[in-house]
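S.K.: Letter by letter, the chains look like this.
Number of protein chains: 2
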Amino acid sequence: MIMYLNGQYVPREQALISVEDRGFIFGDGIYEGVRSVGGKMFEWGPHADRMINGLAGLRIPFGAAQVNALEAVCEQVVEKNGLADGEAFLYLQVSRGAAPRAHGFPAGDVTPTVFVSASKLVVPRKLRDEGCAAITFADMRWKRRDWKTVNLLGNVLARQAASEAGAYEAILHEDGLVNEGAATNVFAVIDGVLRTHPLTPRILPGVTRKVVMELIAELGLPVREDAIPLDQLASAEEIFVCGSTTDVTPVVTVDGAPVANGKPGPMTVALREAFEARLYQAAAAR
Amino acid sequence: MIMYLNGQYVPREQALISVEDRGFIFGDGIYEGVRSVGGKMFEWGPHADRMINGLAGLRIPFGAAQVNALEAVCEQVVEKNGLADGEAFLYLQVSRGAAPRAHGFPAGDVTPTVFVSASKLVVPRKLRDEGCAAITFADMRWKRRDWKTVNLLGNVLARQAASEAGAYEAILHEDGLVNEGAATNVFAVIDGVLRTHPLTPRILPGVTRKVVMELIAELGLPVREDAIPLDQLASAEEIFVCGSTTDVTPVVTVDGAPVANGKPGPMTVALREAFEARLYQAAAAR
Chain A
262 MIMYLNGQYV
272 PREQALISVE
282 DRGFIFGDGI
292 YEGVRSVGGK
302 MFEWGPHADR
312 MINGLAGLRI
322 PFGAAQVNAL
332 EAVCEQVVEK
342 NGLADGEAFL
352 YLQVSRGAAP
362 RAHGFPAGDV
372 TPTVFVSASK
382 LVVPRKLRDE
392 GCAAITFADM
402 RWKRRDWKTV
412 NLLGNVLARQ
422 AASEAGAYEA
432 ILHEDGLVNE
442 GAATNVFAVI
452 DGVLRTHPLT
462 PRILPGVTRK
472 VVMELIAELG
482 LPVREDAIPL
492 DQLASAEEIF
502 VCGSTTDVTP
512 VVTVDGAPVA
522 NGKPGPMTVA
532 LREAFEARLY
542 QAAAAR
Chain B
262 MIMYLNGQYV
272 PREQALISVE
282 DRGFIFGDGI
292 YEGVRSVGGK
302 MFEWGPHADR
312 MINGLAGLRI
322 PFGAAQVNAL
332 EAVCEQVVEK
342 NGLADGEAFL
352 YLQVSRGAAP
362 RAHGFPAGDV
372 TPTVFVSASK
382 LVVPRKLRDE
392 GCAAITFADM
402 RWKRRDWKTV
412 NLLGNVLARQ
422 AASEAGAYEA
432 ILHEDGLVNE
442 GAATNVFAVI
452 DGVLRTHPLT
462 PRILPGVTRK
472 VVMELIAELG
482 LPVREDAIPL
492 DQLASAEEIF
502 VCGSTTDVTP
512 VVTVDGAPVA
522 NGKPGPMTVA
532 LREAFEARLY
542 QAAAAR
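Order-wise, the sequence lines are chains A and B. For what it's worth, this note's numbering labels the leading residue of the first sequence as 262, then goes sequentially. For what it's worth, this note's numbering labels the leading residue of the second sequence as 262, then goes sequentially.
Simulated from the structure, these hints should not be mistaken for lab results. Virtual Cβ for every residue (Gly too), placed ideally from N, Cα, C. Errors might be hidden in some of the hints.
Derived DSS-like pairs (lysine-lysine); straight-line CA-CA distance at most 30 angstroms [what the hints assert, rightly or not]:
| hint | chain 1 | residue 1 | chain 2 | residue 2 |
| --- | --- | --- | --- | --- |
| 1 | B | Lys524 | B | Lys381 |
| 2 | A | Lys387 | A | Lys471 |
| 3 | B | Lys301 | B | Lys387 |
| 4 | B | Lys301 | B | Lys404 |
| 5 | B | Lys404 | A | Lys404 |
| 6 | B | Lys381 | B | Lys301 |
| 7 | A | Lys404 | B | Lys471 |
| 8 | B | Lys341 | A | Lys471 |
| 9 | B | Lys381 | B | Lys341 |
Label pairs and their in silico Cβ distance ranges [what the hints assert, rightly or not]:
| hint | chain 1 | residue 1 | chain 2 | residue 2 | range |
| --- | --- | --- | --- | --- | --- |
| 10 | A | Ala333 | B | Glu435 | 40 to 48 angstroms |
| 11 | B | Pro490 | A | Glu425 | 37 to 45 angstroms |
| 12 | A | Gly268 | B | Thr372 | 23 to 31 angstroms |
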């Protein structure tokens, strides 16, 4: 496996960083996860914009032009790993770099650490077709979830709990409301209307969420960006989660109880099909 | 500078870890900061116990015997860096180790990454004598602050804001209450009684805080472990912060306004003196 690290393409075992990197010491970094199909990045622009916004939020000196230039790096990493013919997951991370430990930003010139890797993505068709199980889990994360930082322990513990419960995703809730999944955004159909959390610092502005919102408009489905009360989740008519490797995946059980009749609902199926059409048409068009 | 990394003592420039270390990718690790005086660790037991508790909380397979064995490693790192005659700050971190990226805990054997470094500590006597400035800052951190994890962006941004305001520390508040400092615990005197936040997951159980509580009992001072209302901070009779490199440091201004007459108060001075006596007597006794 070939990775990109600080300007070089190196084998995995040579992809080494300083133990004093602020990514390791403080979780002081921003990341992205991008889907590639046929060697091209899907929705690169929104991913790059979100990364630029997060880096600006943390005031890491790695600007828009530098982030935008990573699209070509991603394509190179895909190519060098022989992943250009199928689908891949690109992981990108920029940390503030290595410096002697002190909480505040280091004085002087510190070069950010830039990392890109790619792995083969095998889409789990069965999960998309039949739906997945989810659990509910208290949201323990810090308050700027709109920045895609590597302060991810709240997500790690939630996903681990899901996995131990035999579920695919953990639906995070706080103050009686559903925020989002540990690595996805959450939609539910309540009283015939699609509902999802509005874009605030309480959730990540998902790129797949954005595409789904566009598809909802195209399909003329009713939608409200208004947080789902946790106590209405069990009686939702449909639930799905979405994300860059999850696409649109139906949720058919929550905490072990079936959602409606336990099968993917009609709006979910329509959005899943529309999403996949867009994903693969985008690839074919390039 | 010689550092300890995964069983070896290496020069700083050779202290390298995998870019896939979960410490870098998820902030998936626990750390400690320990004071050494004359080559010996001050209050090693409580530091080790807190690290053991945090590692158990995150279920990182690095147990009590392994943590306790790091005391000798710390002494070695101090010795190898020629810091045994004065005072030093020891930094210890254990992450879950390197594994291909997935939120949940990696399957199979993954060896935790273990890192120890030491730096010379020059105690800022003027700050201890004359007191420091502090700002108030909203607490943005995740919900398990009792585990000393490296998910530290809330602390980083708070300390940076303090520094830009010309202050030493940021006092973090939430829901109208004072939690603690970005890298310290906070005490205030209100109506003649010492007050500090009780030990809950909202704050770090500080080792210096523990020593200060013991000294308060020895000196017969009145104390209540009950969170300080933020709106009573400005009118507090005394404020101090404490921590492993901060010892007991008076706070003489908050957000630019003087605390009482702007000079360290009598309980603060008494506790500072008692703390330093204990710190240096402990060293002399060994």
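S.K.: Now look at each hint and say whether the structure bears it out.
M.R.: Consistency of the hints with the structure:
1. In summary, the hint linking Lys524(B) to Lys381(B) is supported, as the alpha carbons are separated by about 29 angstroms, within the 30 angstroms threshold.
2. Among the hinted pairs, Lys387(A) with Lys471(A) is consistent with the structure: their alpha-carbon atoms are about 24 angstroms apart, no more than 30 angstroms.
3. Distance check on the hinted pair: Lys301(B) and Lys387(B) sit about 25 angstroms apart at the alpha-carbon level, within 30 angstroms; holds.
4. Only pairs whose Cα atoms come within 30 angstroms are accepted, and Lys301(B) paired with Lys404(B) is rejected, the gap being roughly 33 angstroms.
5. For the proposed pair Lys404(B) and Lys404(A), the alpha carbon gap of about 10 angstroms is at most 30 angstroms, so the pair holds.
6. Restraint check: the Cα-Cα separation between Lys381(B) and Lys301(B) comes to about 14 angstroms, which is no more than 30 angstroms; the hinted pair holds.
7. Note on Lys404(A) and Lys471(B): the hinted pairing holds, with a Cα-Cα distance of about 29 angstroms set against a maximum of 30 angstroms.
8. Only pairs whose Cα atoms come within 30 angstroms are accepted, and Lys341(B) paired with Lys471(A) is rejected, the gap being roughly 55 angstroms.
9. Between the alpha carbons of Lys381(B) and Lys341(B) the distance comes to roughly 12 angstroms, so the proposed pair stays at or under 30 angstroms and holds.
10. For Ala333(A) and Glu435(B), the Cβ-Cβ distance of about 43 angstroms falls inside the hinted range of 40 to 48 angstroms, so the restraint holds.
11. Checking the proposed 37 to 45 angstroms range against Pro490(B) and Glu425(A) shows it holds: the Cβ atoms sit about 40 angstroms from each other.
12. For the pair Gly268(A) and Thr372(B), the supplied restraint of 23 to 31 angstroms holds, since their beta-carbon distance comes to about 29 angstroms.
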